[in-house]
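**Q** What follows is each chain in one-letter form.
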Amino acid sequence: MRPGKMLREVLGSFFKKPVTTKYPAGKLDMADKYRGKLKFYPEKCIGCKLCMKDCPTNAITIVKVADKQFEAHIDLSRCIYCAQCVDSCPKKALEATNDIELAQLDKAKLKIVYK
Amino acid sequence: MLEFLFKVIVFPGIFFLSAFGLFVEYFDRKLYARLQNRIGPPWFQPVADLIKLLAKEDVIPREANRNMFMMAPVFALTSVITAFLYIPLWKQNSLFSFNGDILVVLYLLTIPTLAFFIGGWYSTSLYARIGSVRSLTQLFAYEVPLFMGILSSALLADSWSLKDITIFYAKHNWLWLVNLLGFAIALVSFLGKLEKAPFDIPEAETEVVAGCFTEYSGRLFALLRLTLDIEMVVGSALLAAVFFPFGLSLPPLLGFLLFIAKVLFIISLISLLRTILARLRIDQMISFCWKYMVPLALLQILVNLFLKGVIL
Amino acid sequence: MHNSDEFRIPIGPQHPALKEPESFSVALKGEKIMGVDIRLGYNHRGIEKAAEERTYVQDIYLIERVCGICSHAHSTCFIQAVEEIAKLAVPKRAQYIRTLIAELERIHSHLLWLGVAGHEIGFDTLLMYSWRDREVVMDILAILTGNRVNYGMNTIGGVRRDISPDQVQQILKAVDTLEERTKYYIEVATEETTIIKRLSGVGVVSYDDALRLDAVGPTARASGVRRDVRADDPYAAYGELDFNVITDDHCDVYGRTVVRVKELMESYKIIRQVLKKLPDGPISVRMPRIIPAGEALSRYEAPRGEDVHYVQANGTDKPARVKIRAPTLANVQVVKHMLKDRYLADMPIVIAAIDPCFSCTDRLIAIKEPDSESANIFTWPALHKYSIDWYKNKGIDFTQLNKKLEERLKP
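Residue numbers (the numbering used here), protein chains in the order written: chain A, 1 to 115; chain B, 1001 to 1312; chain C, 2001 to 2411.
To be clear, the hints were calculated from the coordinates, so they are not data collected in a lab.
A couple of the hints might just be wrong.
[Stated by the list, open to error] Here chain B is said to cover these stretches of chain A; the calculated rule only asks that three of the stretch's residues, wherever they fall, bring their Cβ under 8 Å from a Cβ of chain B:
(1) 67 to 75
(2) 81 to 90
[What the hints assert, rightly or not] One-sided and incomplete, this derived list gives chain C residues near chain B with beta-carbon spacing under 10 Å:
(3) Phe2123
(4) Tyr2268
(5) Gly2315
[Claimed, not checked] Here are the simulated PhoX-like pairs of lysine-lysine, each with C-alpha atoms no more than 25 Å apart in a straight line:
(6) C/Lys2029 with C/Lys2197
(7) C/Lys2019 with B/Lys1196
(8) C/Lys2197 with B/Lys1291
(9) A/Lys16 with C/Lys2173
(10) C/Lys2049 with A/Lys53
(11) A/Lys115 with A/Lys92
(12) C/Lys2183 with A/Lys17
(13) C/Lys2404 with A/Lys49
(14) C/Lys2173 with A/Lys33
(15) A/Lys53 with C/Lys2019
(16) B/Lys1196 with A/Lys27
(17) B/Lys1193 with C/Lys2087
No residue lacks a Cβ here, since even glycine has one placed at the ideal position from N, Cα and C.
Bound conformation, chain A alone (with noise of 0.2 Å):
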């Protein structure tokens, strides 16, 4: 039994870098495939709106605006990032990017439109 036995550790920690980084003054770096914003491609979407049927906060909506054109409604603060809708669409019309800092004051601007 040794009180203290972290004592070394410690020690030798005080010459290292420190782990934490001051954020947001620091950079912040994710991994790539990361699950963040959600990125619409208007030319590839056919209207099937698998995506709707499968999302599990309803938080996609597909609207018809043309012939063949289609624009995708995303609530930012309905989606909860688990890119169902990317697995689903069969046309591969949906991406995930790691794009995590999404925060607004202003809750009208967290639905996007994707023309």
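Dock chains B and C against the given chain A, drawing on the hints supplied.
**A** Frame of chain A, contents of chains B and C only:
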């Protein structure tokens, strides 16, 4: 008269003491963080905390005894500031001195513990009552080794006045090395007085929400935190004066820097002990203090008595 | 309060010692605990009912969010039950990837527990160091699955993402780093005096009591009970892997610490085996949207103990009934037994030692009808009608609100 007021209120009185206390809190927290491989708070963090707390509202529970609740932090703060006036800092003389002032300083340092007990008890909150009872129980454990450690050094110097103690040690160079065992005991007991780990039982955050301080908020809480910081400074200054009484006849600026270095060295030892040990239970703490610390303190006293009788 | 020196102190629902809300009402005499009253239910979110209103695909993500720390456990357990009803043959590579993520989750959960235990006994340094090392696992999980918690790796019929050989190398390097650090934590836990003093002799449950009170997981294994679903009833790829079931004889919180730290070492062994034996092949089969009628019960060894899911399907694309029994529900009965004749200072560490996760636990068990004569359990339509009538008697009418809700939920 003006010079007296300047010395008491500005330097080295209330303002200097508060500023130094806030700096010592920053130093302690930054060292604690760096030892845990983190960055830690910036230098203005304790000042910012104090200003924020002074701006908040005091919430006093309805069933609490209003007068005692509000007077307890004031008692604590005034007694630690008064204790500072008797400690020789960087000269061989303190601001006021008389025969027996070392005991007065030690008793003045006990008043904050009693004041916290009173504040916690009259809060009538369950957590506060448990915390204040624990605070007094802890007092029974660390008080005896603390007194014995500090007074062992005074025994060798054959005087109860801090000024005479420092003059004695200045005459006999290197004799303070004999007291290092007493220093170790006094340092560990002092952790109990400051309520830092491993003896932070009265304030255990995960058991009783904040102990005696649970119901305090706003300006009263700011006074309490300032008291804790100043208590750390005063205690370290006392330990530095009693156990490291060297270099006291240097020119003023060098003496001042040496004093700051001594205090910061003691504070870093306290932070280091805080980092590497977990919190003990109250029964384990009492048995540790009475089983190990008191016999070692007795040993130090015997050594000092022997030296005094034989050599001097 | 009849006895003048005995009083009741509430630990919870909000308390710095507890990570989640639950109510322990402790009767104290000085520092000694005389009795504990436990009340749960503060985290009830109606997940079992919500699962009946959503399709199986949507349910994957709902069930995953039952708990943040053992999310893969709940998700895999649910999907295993559905796959058993639908009689899907999950490819081997998918089973191995599921096992890999399961063991990575076990590592992150045990390192989290080590930090929390350190915090409860006032040893914040251990918290900072173990959570710093946990970041290695979180980064690996973020690279593999795309998220640090709630991985979303499972889908009905397999997994969603594949592992590349580059990622395999990264995992092996991370496991080497973690193994070194874990050996250091084993040393600290077994040699540091203050930790041993705080954790020994606290929360004692003997072997017979552990069997009688139905403890599961590391709580039971620290009392010598050899219960581990991975060995007793192998699922995913565990049948083909070689590992030990760790038990310990100390029967107290110290024993639980030792069991969890040694399980970390076993997890590293399992991960290395999985990565060496990873078979080639597809990672999922096609998932049917409509699951035929049937029922299944599946078990899983979550980091906290045995997790049981029951799914009943009725031939549509929504489940008829989902029932989840989390491991903490079995362990929380043991807390009362552990706290008899102990001190108040032991309370946080004893509760933390069973690794409580009250988000997992708070499900509904049974609701009895209010007239005290009958012991009948409410059926869902009867409960529905009772609640509407209760509000009508107070003058609140829900019919308009119900119509609006149904409009909103239409696809």
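**Q** Checking against the hints above, which ones are violated?
**A** 1, 2, 4, 5, 15, 16 and 17
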